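Protein chains: 2
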Amino acid sequence: MTSIPISDKTLGVNFTDANEATILVWAPEAESMDLILHHQQQAVPLTRIDYGYWSLETPLLQPGDRYLFRINGKNEFPDPASLSQPDGVHGASEALRLTDFEWDDQAWTNPKLDDYIFYEIHTGTFTNEGTFEALEQKLDYLHELGITAIELMPLAQFPGTRNWGYDGVFPYAVQHSYGGAHGLQRLVNACHQRQIAVVLDVVYNHLGPEGNYLGQFGPYINPKYYTPWGGAINFDDAWSDGVRQFVIENVLMWFRDFHIDALRLDAVHALKDFGPVHILQDIRRCTDELMAQTGQRHYLIAELDLNDNKYIAPLEKGGYGLDAQWIDEFHHALRVTAGGERTGYYTDFEGISHLAKAYTDAFVFSGQFSNHRKRFFGTRVDDNPGQQFIVFSQNHDQIGNRMLGERSSQLMSFEMQKTMAAAVILSPFLPFLFMGEEWSEPHPFLYFADHSDPELTQAVRQGRKKEFAAFHAIGEAPDPFSLESYALSKPQWELLTQTPHQQMFQYYKKLIALRKTQPALRHLNRRQLSVKVYAEAETLI
Amino acid sequence: MTSIPISDKTLGVNFTDANEATILVWAPEAESMDLILHHQQQAVPLTRIDYGYWSLETPLLQPGDRYLFRINGKNEFPDPASLSQPDGVHGASEALRLTDFEWDDQAWTNPKLDDYIFYEIHTGTFTNEGTFEALEQKLDYLHELGITAIELMPLAQFPGTRNWGYDGVFPYAVQHSYGGAHGLQRLVNACHQRQIAVVLDVVYNHLGPEGNYLGQFGPYINPKYYTPWGGAINFDDAWSDGVRQFVIENVLMWFRDFHIDALRLDAVHALKDFGPVHILQDIRRCTDELMAQTGQRHYLIAELDLNDNKYIAPLEKGGYGLDAQWIDEFHHALRVTAGGERTGYYTDFEGISHLAKAYTDAFVFSGQFSNHRKRFFGTRVDDNPGQQFIVFSQNHDQIGNRMLGERSSQLMSFEMQKTMAAAVILSPFLPFLFMGEEWSEPHPFLYFADHSDPELTQAVRQGRKKEFAAFHAIGEAPDPFSLESYALSKPQWELLTQTPHQQMFQYYKKLIALRKTQPALRHLNRRQLSVKVYAEAETLI
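Heads up: the protein sequence lines correspond to chains A and B, in order. The C-terminal residue of the first sequence carries number 541 in the working numbering, and the numbering is unbroken. The C-terminal residue of the second sequence carries number 1082 in the working numbering, and the numbering is unbroken.
Careful: at least some of the hints might be erroneous.
Here are the simulated DSS-like pairs of lysine-lysine, each with C-alpha atoms no more than 30 Å apart in a straight line [as the list claims (entries may be wrong)]:
hint, chain 1, residue 1, chain 2, residue 2
1, B, Lys1031, A, Lys374
2, B, Lys1031, B, Lys959
3, B, Lys959, A, Lys374
4, A, Lys310, B, Lys851
Computed spacing ranges between beta-carbons, pair by pair [what the hints assert, rightly or not]:
hint, chain 1, residue 1, chain 2, residue 2, range
5, A, Ser55, B, His913, 20 to 26 Å
6, B, Pro995, A, Asp288, 56 to 62 Å
7, B, Ala1000, A, Asp288, 47 to 53 Å
8, A, Glu476, B, Ala1000, 42 to 48 Å
9, A, Gly295, B, Arg826, 42 to 48 Å
10, B, Thr551, A, Gly339, 41 to 47 Å
11, B, Ser894, A, Gly295, 39 to 45 Å
12, A, Gly475, B, Arg826, 48 to 54 Å
13, A, Phe414, B, Arg826, 47 to 53 Å
14, B, Leu997, A, Thr22, 53 to 59 Å
15, A, Gln41, B, Glu882, 47 to 53 Å
16, B, Leu1055, A, Thr10, 50 to 56 Å
17, A, Trp103, B, Asp829, 52 to 58 Å
By construction, these hints were calculated from the structure, which means they are not laboratory data. These figures come from a predicted structure and were not determined experimentally. We treat Cβ as the ideally placed atom computed from N, Cα and C, and that holds for glycine.
Chain A with its partners taken away, still in its complex shape (with noise of 0.2 Å):
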């Protein structure tokens, strides 16, 4: 791979101190490229330099224009490093200076991770505006409540105005409708003059099914790959360099110019990567260089759902060096001790005994045989600590992907929603909550999407109800496309001053405080940690 640029972001549209534009797209197999000015109705041809890319250095852009590339003399595109989209996806981009941004934050120290407790928040519903400047005027509370780093579903561009995020489209760019790059950079300076660090939800499996023109300008798929998604992002194919670059470049780019703490890699069991290094193994050793320059921490956590020790091991031993991951088992061996529902992937799971395996083990299937999965599955990580495993009761996806997004509030007692919150917030791992389950909300967190494009709407209804026939849902499923399905999915926040959910706010913010006062409870050594099973009583100790 050519050496990945640490200090600076080099791809798509970025400023020299004398404000000319310095120009970087890769399109390794295009015989042409120009950037034409949106407003001027001007074209400027680019250079072709080495693998792939090309260059351009001019003082005709200037930050706040729109612009646009052509490619082989014929179609314009937007950039695939687009900062900003304010026309949506298939608008033309915008150049932005992201190192106007005035920081404030020089005081923060991004916590050790065994501080973190992680409060999931959408954007776009999480407040009644959708913004980053109204979720800004939630810090105070999310202080109070106690939780120390709020982790943002994905912000990347995606179409329409209503979206999970997972459907993004330009993974630079900050959906414009939440407030667009500068406004994340305002919320996180926020958060940190408010000792809350940010994690942010990034995709690098695959890439949104609308407004997707990463493919004009090279091959991002390997279709050697199957995901569930379609085809893989293209990391160990011909052209796979210059998508390797377009990731680490984005994750760098996170860290260094958004003063992010941490990222979440959504499913990491579909980066694809046969190469002699995983694409995970060249993100730690970039992300450890910009460490070392910056001298502030960052870190990698993900969502695995293959139970191997490999990613979480170090470098050096051969591992692909992540912080931490997400135990979704915790949850399913939670739920169904809780007495949920026992279809789908949760058939695997027993009650008490396979929580109390979770709790000592961590995976709960560490090389016995998954009924569900039809094979022998996961490895131990008894040498792991603690903080490198990430637990809930309730997430966006185990929530909104119940064909009626129910939350525990809905399926349980009051009580037991009381038991899974100390379950989750006492255990030996970091705890992570949803938005609005700290006070019991009672509205559902549904699907929703957005899309301009009738047959890929009609595919996405489809394509759920084939998923919810695996849990032997019953009934009509709310339609993702509704504007109904997303005001819907708003917590409430006038609920919170109301019984009950004031004296389930009241609770979860001392568990919160035990968890954080309690040397114990903060010492996530699982070896010192000894789970006593009485299954006639259905009690753990």
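Knowing the structure of chain A, use the given hints to seat chain B on it.
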């Protein structure tokens, strides 16, 4: 994974000391399974046991009997782990008792890999008879030549009567027309008595296109990965444990029951396995267990096109633990240096400077950009000794994948052939010859096959045409399905006594003797090697 039995084969049909057949078949989604005793017209039901296996002990099936399995009370198929297919791939299986063979090689010790000088043989064309028995008649000749190991192209039962071997569909059955299982045992026994090791080429990356009934029994194929030969073998998806056991038991069978000294694993870059333990790591581990039990050494050698050092790194360093690998790049650099054409994958190769790099670094591409692959390619292997790499100036692929199948004898001068022979045999790697090159055999080695399905025949013809287009080959390819292509591919032993063939034979014999007697040549430490390039004179010293 279930634990793999090391000391005995369990899959298919085996016999107890009391001559009772113990039968084990894997068919995880079958509803019922019957043993069909072919001649008795009798059906005996098997019992379902754990993890998709079906089991039976019966005195009714005896060595020499034909049998089939009936799935779900409907169709009857030969045994996936059949040891013998006397009536071809579509016929019934024959029960064999492998342990009947009386070995006479107790004095044999598999030499260190350092001492291996390989000689590749296609059993069907090596002699007029095309049998193990006829091959055995040539062992004294091979001993005189001085090679220390024969490498047999794949022997798994293939469709029709003529095949390179890579279309095999019964990985446990030795091609019946060659002499079957007992014939191979006799041959290995005879080799060992002449101090010749036996290497067997085995294919675990795909199954042949005709007569593959394995899919009737279970998901041997994982359609989520693409290989040039169709879906990949299922090493990491649902029910993959049964497939893994099928492959690992096959490895162990060759070593334990056939006394094979080393396996040449075909195209391991196409073994797609994202599980926590790569199938090659499992093969290594089980091979180590077998060696510990028997006290005999066995080697695992890979054909590998990834230039990725983890394949030949030890398990304890996170590697896949293979003993050695082919380096095609040495061949490519040598051919270009010798004035060969520079189309197809040769476009990446310069002449003598790349040959010099192969001598010092083993991999020509150890991180540079490859124009042919369109990516940065390769890792360094500075810590790996010479005996981990196998080099050649010709092999079945490099000859037979040419449209006209020309050996070097038809492409290079007599003197150049001698230079190339010296470059290989005196290299700091393990040398590898292709049958007949030692007497400058002028006959080609063509691609040949024999399918009963006309559509498949046509598809193979088309596929080869397309392949040759990349090499800008001109003219009509010989028909792989003609008897002439097969007959023409047989080396002409009668030439051996004639001029200049006898001279070439004597030259090879001397080079091999030189390698064996000069300690400097046998000491495969590349760190003590100094290569100087005199580019103008096209000379390496």
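- prompt: Are there hints from earlier that the structure breaks, and if so, what are their numbers?
  reply: Violated hints (numbers, rising): 1 and 3; every other hint is consistent with the structure.
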